[in-house]
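Enquirer: With chain A fixed as given, assemble chain B onto it according to the hints.
Residue numbers (full-length UniProt numbering), protein chains in the order written: chain A, 1 to 426; chain B, 1 to 426.
If you're looking for bench data, these hints aren't it; they were derived computationally from the structure.
Given the structure is predicted, the values throughout are model-derived calculations rather than measurements.
One should not assume that every hint holds.
[Claimed, not checked] Short derived list, chain B residues pointing at chain A, Cβ under 7 Å:
| hint | residue |
| --- | --- |
| 1 | His37 |
| 2 | Glu186 |
| 3 | Trp399 |
| 4 | Gly404 |
| 5 | Ala408 |
[Said to hold, decoys possible] Chain B residues, not near chain A, derived (Cβ > 12 Å throughout):
| hint | residue |
| --- | --- |
| 6 | Gly85 |
| 7 | Pro150 |
| 8 | Glu213 |
| 9 | Glu293 |
[To be verified] Restraint-style ranges between C-beta atoms, simulated for each label pair:
| hint | chain 1 | residue 1 | chain 2 | residue 2 | range |
| --- | --- | --- | --- | --- | --- |
| 10 | A | Met305 | B | Arg68 | 57 to 67 Å |
| 11 | B | Leu398 | A | Ile381 | 13 to 23 Å |
| 12 | A | Arg188 | B | Asp193 | 45 to 55 Å |
| 13 | A | Lys309 | B | Asp193 | 18 to 28 Å |
| 14 | B | Gly232 | A | Thr148 | 57 to 67 Å |
| 15 | A | Lys309 | B | Ala379 | 32 to 42 Å |
| 16 | A | Gly185 | B | Arg356 | 41 to 51 Å |
| 17 | B | Phe383 | A | Gly271 | 56 to 66 Å |
| 18 | B | Gly334 | A | Ala394 | 45 to 55 Å |
| 19 | A | Asn345 | B | Glu151 | 48 to 58 Å |
| 20 | A | Arg191 | B | Arg343 | 11 to 21 Å |
| 21 | A | Gly24 | B | Glu151 | 32 to 42 Å |
Think of the CB as a built atom: it goes at the ideal place given N, C-alpha and C, for glycine as much as any other residue.
Number of protein chains: 2
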Amino acid sequence: MAQHHVVIVGGGFGGLAAAQALEGAGVRITLIDRRNHHLFQPLLYQVATAALATSEIAWPVRHILRQRRDVTTLLATVTGVDVAGRAVLLDEGSRVGYDSLIIATGARHAYFGHDAWEQFAPGLKTLEDATTIRRKLLTAFEAAERETDPERRRALLTFVLIGAGPTGVEMAGAIIELARVTLRGEFRSIRPDEARVVLIEGGQRVLANFRPELSDYTLKALRHLGVEVELGAAVTEIDANGVVYGGKRLDAATIIWAAGVQASPAARWLGVEADRAGRVKVEPDLTVPGHPEIFVIGDTATITMPDGKPVPGVGDAAKQGGKHAARVIRTRLGRFGKPVPFRYNHAGDLATIGKRAAVIDFGWTQLRGWLAWWVWGLAHIYFLIDTRNRLAVAMSWLWIYLSGQRSARLITQGDAVAMAREPAKH
Amino acid sequence: MAQHHVVIVGGGFGGLAAAQALEGAGVRITLIDRRNHHLFQPLLYQVATAALATSEIAWPVRHILRQRRDVTTLLATVTGVDVAGRAVLLDEGSRVGYDSLIIATGARHAYFGHDAWEQFAPGLKTLEDATTIRRKLLTAFEAAERETDPERRRALLTFVLIGAGPTGVEMAGAIIELARVTLRGEFRSIRPDEARVVLIEGGQRVLANFRPELSDYTLKALRHLGVEVELGAAVTEIDANGVVYGGKRLDAATIIWAAGVQASPAARWLGVEADRAGRVKVEPDLTVPGHPEIFVIGDTATITMPDGKPVPGVGDAAKQGGKHAARVIRTRLGRFGKPVPFRYNHAGDLATIGKRAAVIDFGWTQLRGWLAWWVWGLAHIYFLIDTRNRLAVAMSWLWIYLSGQRSARLITQGDAVAMAREPAKH
Chain A
1 MAQHHVVIVG
11 GGFGGLAAAQ
21 ALEGAGVRIT
31 LIDRRNHHLF
41 QPLLYQVATA
51 ALATSEIAWP
61 VRHILRQRRD
71 VTTLLATVTG
81 VDVAGRAVLL
91 DEGSRVGYDS
101 LIIATGARHA
111 YFGHDAWEQF
121 APGLKTLEDA
131 TTIRRKLLTA
141 FEAAERETDP
151 ERRRALLTFV
161 LIGAGPTGVE
171 MAGAIIELAR
181 VTLRGEFRSI
191 RPDEARVVLI
201 EGGQRVLANF
211 RPELSDYTLK
221 ALRHLGVEVE
231 LGAAVTEIDA
241 NGVVYGGKRL
251 DAATIIWAAG
261 VQASPAARWL
271 GVEADRAGRV
281 KVEPDLTVPG
291 HPEIFVIGDT
301 ATITMPDGKP
311 VPGVGDAAKQ
321 GGKHAARVIR
331 TRLGRFGKPV
341 PFRYNHAGDL
351 ATIGKRAAVI
361 DFGWTQLRGW
371 LAWWVWGLAH
381 IYFLIDTRNR
391 LAVAMSWLWI
401 YLSGQRSARL
411 ITQGDAVAMA
421 REPAKH
Chain B
1 MAQHHVVIVG
11 GGFGGLAAAQ
21 ALEGAGVRIT
31 LIDRRNHHLF
41 QPLLYQVATA
51 ALATSEIAWP
61 VRHILRQRRD
71 VTTLLATVTG
81 VDVAGRAVLL
91 DEGSRVGYDS
101 LIIATGARHA
111 YFGHDAWEQF
121 APGLKTLEDA
131 TTIRRKLLTA
141 FEAAERETDP
151 ERRRALLTFV
161 LIGAGPTGVE
171 MAGAIIELAR
181 VTLRGEFRSI
191 RPDEARVVLI
201 EGGQRVLANF
211 RPELSDYTLK
221 ALRHLGVEVE
231 LGAAVTEIDA
241 NGVVYGGKRL
251 DAATIIWAAG
261 VQASPAARWL
271 GVEADRAGRV
281 KVEPDLTVPG
291 HPEIFVIGDT
301 ATITMPDGKP
311 VPGVGDAAKQ
321 GGKHAARVIR
331 TRLGRFGKPV
341 PFRYNHAGDL
351 ATIGKRAAVI
361 DFGWTQLRGW
371 LAWWVWGLAH
381 IYFLIDTRNR
391 LAVAMSWLWI
401 YLSGQRSARL
411 ITQGDAVAMA
421 REPAKH
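So that you can see chain A by itself, here it is in the shape it has in the complex (with noise of 0.2 Å):
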């Protein structure tokens, strides 16, 4: 009999774990990723904000799962699967075959039927959306410094967030400390320190899915680094000048993203039902109804525990998945026991709030700032893929704590080739 099949589509989080929690259970694996690196998401802000490299929190799959014979990693892009051939499609045509399929796509940022406004108000999700994030403000502060009108020069230094969830709480305390210590003195026509920082959140509070009493100790942690908030606000427009929300106009030359996720298109692939964030509606135990070799796990996946909560979309979700979806495959190939339901365990919930304060709200207790802030760091130092990461990381924080300076503060503009296409250049 040939050996079970089972193909993983997606290198993060939860396509990982499912690889790593399928080892020894004879089977072979192909993994296909159209990234050839596993990212660390919840550091990516500060690649956006200029305290890591991208190379700190990314690595390479391949490496990862160098010494899984079992493995295969393929760099293609998928464009459909075939659910009744049982067989994931690829970019040139070729069919990948499958006994099982795990399917980790995750999410991208969306704009709430507003595409229009991804041009001017980049989302943060990948690498290249962490290198652009970080041109535009590192430009903005450029472009002040040689502005000689003042009112132009107010909106080049205004940075507007949308979305006060983890990320814009934790962009809007890096943009103010790079305004007022990493940037000081730099400049000659301008005052960095006066860069305004405004985060606007729909809802009532900030860190909506943590309790009340760290919303509260965050918004006024933010206020008090000078992060302005504007709370049960709507965003009505977005230009390339500037926002609407509440009625007003708020003329900005930086507008950041943090408001919603779109999962990414499996539900279109497999021909199934989603939810209005394209998220597949999945069984108890992780497949798609009809189609028990299908898992969707992750961000792609729409789930409600027993307790009647919904899954949350955050990294540790997909890794349960992940080895979730593995189980049930061991259980099956070993034709023994009975699957269980997929069971989340929600370990906390945290978020940096500047550079000495945080919350952590771990459900049985609640920790805040500095202490918080401790945990937080060794935590996602912990939780980094690789001993040469977790070293780097620690290095540019260790560097960043002492002299203030951030270490990645580059504008860099993508490719040579599209570059070759501008006119001027010296």
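Expert: Positioned in the frame of chain A, the structure of chain B alone reads:
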């Protein structure tokens, strides 16, 4: 009397050295660059071959000069010079007047009249060039893993370098190492150590600027590593699928240009005479004929020493040029002494060959092998701009030395906005 205003265009080795040498001269300085970072070009090939992160060899010019209250740094693209009106013209139409002007805008790679070759054979001068080459290199192995046609696979695993100066030699050694050490055991269909690295040189020896015995040593060392070196082979054609040299066609998916450079358009800005490579012919004091207030230094200028040798296009020559221009300005302002002509002092040539060998030509003595490699490594760490970069590069090298693993194996695709235009994504 208004303070003497020195405008420096370019924040590379030359421009930075000029700014630093003008400290305390009582002048006002404006440094203009279209990049926000000073780039340590001698290690750029290590970014292209995934050994170093971009931020490890680049540092914001503004930050380097932050404590110099006499220096204003501007991120701007120069489009020309109003020589009669003594002003530099910027992209958005504004002018920056000067009393003295120092042009240190460097060079780009050039294709000897075959500009169409650039899209197939990128050169290596900027961070974007480096990430483009890194993407091409890493993607070739990934595509080979998926390729079923053996001929096409062979082309994907063939890496061609054109030009056997230090860049070509260093890249060749690094690519062989990437294939044989870093990627070992990570693929399932291909064996990365089957990769061919072909170094094509039109002249009769590698490292033509070095003593013949060091060229001989380097040739042997390269061949020992497994690099195929083709001497006296002129390239007559480059396209998307390969290269023609010496009448032979070689199919190769990755071609890298390390053969020629072209100075930035300073001669055109100034309306003065240039040599074939676009370099401005300057007076013995590095000023433009008829314009003692304009200096052109580094790769942008051409000048012959009293011994008849041209000043080479290396970082150290640019630094010495910058210092010289500063000295001339100081002498003039001090109204004492007589400006002396520029004297270039050649410290030596050096190049690495893979991981354990290098050649150094000091003129009075030569070094080769592992000792040269250590001298090379320590010298490069010493000359890096900042303590932070020194630590980071030292750590990256130590890691590669111990583990063989390169820490920046990222395939990134430039801009998030550009990527959004791609049709297929998940």
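Enquirer: Next step is simple, just say for each hint if it's right about the structure.
Expert: Quick rundown of the hints versus the structure:
Of the supplied interface hints, the one on His37/B holds, with its beta-carbon coming within about 6 Å of a beta-carbon of chain A, less than 7 Å. Given hint, Glu186/B at the interface with chain A, holds; its Cβ is 4 Å from that chain's nearest Cβ, closer than 7 Å. With 7 Å as the threshold, the beta carbon of Trp399/B comes within range of chain A, its nearest partner Cβ sitting at about 6 Å, so the hint holds. Checking Gly404/B against chain A by beta carbon gives a least distance of about 11 Å; that is not within 7 Å, so the hint is violated.
With its C-beta approaching chain A no nearer than about 4 Å, Ala408/B sits inside the 7 Å limit, and its interface hint holds. Remark: the non-interface label on Gly85/B is consistent with the geometry, its nearest Cβ contact in chain A lying 19 Å away (cut-off 12 Å). The claim that Pro150/B lies off the interface holds: its Cβ sits roughly 16 Å from the closest Cβ of chain A, which is beyond the 12 Å cut-off. Even its closest Cβ contact with chain A, about 37 Å, leaves Glu213/B beyond 12 Å, as expected for a residue assigned away from the interface.
Listed as a non-interface residue, Glu293/B keeps its Cβ farther than 12 Å from every Cβ of chain A; the least gap is roughly 20 Å. Taking the beta carbon of each, Met305/A and Arg68/B are about 60 Å apart, inside 57 to 67 Å as hinted. At about 19 Å, the beta-carbon gap between Leu398/B and Ile381/A stays in the expected band of 13 to 23 Å. Restraint check, Arg188/A to Asp193/B: a C-beta distance of roughly 54 Å satisfies the suggested window 45 to 55 Å.
Under the hint 18 to 28 Å, the C-beta atoms of Lys309/A and Asp193/B, about 52 Å apart, miss the expected range. Gly232/B and Thr148/A have their C-beta atoms about 58 Å apart, which keeps the hinted 57 to 67 Å range intact. Between Lys309/A and Ala379/B the CB atoms are about 60 Å apart, so this pair departs from the stated range of 32 to 42 Å. At roughly 44 Å, the beta-carbon separation of Gly185/A and Arg356/B lies within the given 41 to 51 Å, and the hint holds.
Roughly 60 Å separates the CB atoms of Phe383/B and Gly271/A, a value that falls within the hinted 56 to 66 Å. Between Gly334/B and Ala394/A the C-beta distance comes to about 50 Å, which sits within the given range of 45 to 55 Å. Distance hint check for Asn345/A and Glu151/B: the Cβ-Cβ separation is about 52 Å, which falls inside the suggested range of 48 to 58 Å. In this structure the supplied range 11 to 21 Å is violated for Arg191/A paired with Arg343/B, their Cβ-Cβ distance being about 43 Å.
In this structure the supplied range 32 to 42 Å holds for Gly24/A paired with Glu151/B, their Cβ-Cβ distance being about 38 Å.
Of the hints listed earlier, those the structure fails to meet are numbers 4, 13, 15 and 20, in rising order.
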